[in-house]
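Q: Sequence:
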Amino acid sequence: MEIRYSSHPEDVKYYTTEELRDHFLITDLFQYGEIKSVYYHEDRMIVGSAMPTTAALVPEDGRQLGCAYFMERREMGILNIGGEGIVKADGAEYSLQYSDALYVGMGTKELSFSSANPADPAKFYFVSVPAHKSYECVKISKAEAIVQRAGSEAQCNTRTIFQYIHPSVCKSCQLLMGVTTLDSGSVWNAPPFHTHERRAEAFLYFDMQEEDVVFYLMGHPTQTRHLVVRPREAVLSPSWSMHGGCGTGRYSLAWAMAGENQAFGDMDAVSLADIQ
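Going letter by letter, the sequence shown gives residues -5 to 270 in the numbering used here.
Keep in mind that the hints were calculated from the coordinates and are not lab data. A few of these clues could be false.
Unchecked claim - No more than 20 angstroms apart at the CA atoms, straight line, and that leaves these computed lysine-lysine pairs for PhoX-like:
#: 1; residue 1: K103; residue 2: K127
#: 2; residue 1: K82; residue 2: K30
#: 3; residue 1: K133; residue 2: K82
#: 4; residue 1: K133; residue 2: K103
#: 5; residue 1: K165; residue 2: K133
#: 6; residue 1: K127; residue 2: K165
#: 7; residue 1: K136; residue 2: K165
#: 8; residue 1: K82; residue 2: K103
Using the sequences and the hints given, assemble the complete structure.
A: Laid out in C-alpha cells, this is it:
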C-alpha cells in the first residue's frame, strides 16, 4: 500500500509539476490480476482498484492499518467500470455489472474480488474510510441512485449526478460516493468551483476516449494549479483545495467524500471573480 501524506496549502504553492503529480495524482490503476491501493492521510482515506482475471483478489491484511483485518474499523464503496464482476463479503456474493456499486460495512472479515469472464475482467474502483458502526452491505445499481441534473449548454457543462452511497439510498458512517456523467458536447464538471473544509474527496476519471485528457484545476482559489489526468486515473483532493476540470472530450468521474458530515450540498462556492 502506497502512503500519501497531507500537504499544507502554503507549501503546495511551490510544488513543481512532478511534485503535484506525486502528491495528488494516482496513475497505473487497473492492472491485470492486481490490487493497487493508496493510503491518503486526509481523512484516512484509502483509494484503490482491483482488476481480477483468473483468480480472486483479496485486500491485504490489516497490519498496515493497525487492525486484525482490512475492514475491521472501515467501510468501503466499490464501483465497477469494467466487465461483470463478483464481490464476496463474508459469504454473501454480489454480482456487479458495469456502473453497479456496492457498499461494504465495517467488520466485514472476508472480502474478495473476482471477474465473471477473465477475458473481459471487472474493473473495481474502491474508496475506504474509517467507520464507527457496522451497517449492512448494499448493492446499488445506477437505476437505484439519486439522480440530479446540473449545468447548461451555454456553459458547456450539462451533466447528470448519480448519488449511490448517500443517506437517502443506504446507511453509511461517513462515506458518500457517486458518479457524474457529462452530456455529449459538454466538457466542464464545474462551475461552481468550490472547496469543503470539512471533507476530503477523491475523483476517478473514466468513460472517455483514450486520447482525451482532463485538465483538473486544484489549489487555493488564489493560487490555482492543474493536473493533466488521463483515462482511469484518480485525483486526491485535500479539503482546502478547490476542484473542477475541463476535458478535451466528454467523460465521467466517480467521486467519493468523507469527513465531518454527509451533507452533499455542504460546500463553499468560489466566485469566478476571485480565482487566480
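Q: For each hint, tell me whether it holds in the structure or not.
A: Each hint, compared with the structure:
1. K103 x K127: holds (15 angstroms)
2. K82 x K30: holds (18 angstroms)
3. K133 x K82: Judged against 20 angstroms, a Cα distance of about 12 angstroms means the pair holds.
4. K133 x K103: Between K133 and K103 the Cα gap is close to 18 angstroms, so the pair holds against 20 angstroms.
5. K165 x K133: holds (12 angstroms)
6. K127 x K165: Between K127 and K165 the Cα gap is close to 10 angstroms, so the pair holds against 20 angstroms.
7. K136 x K165: Given that 20 angstroms is the threshold and the Cα spacing comes to 17 angstroms, the pair holds.
8. K82 x K103: holds (10 angstroms)
Violated hints: none; the structure is consistent with every hint.
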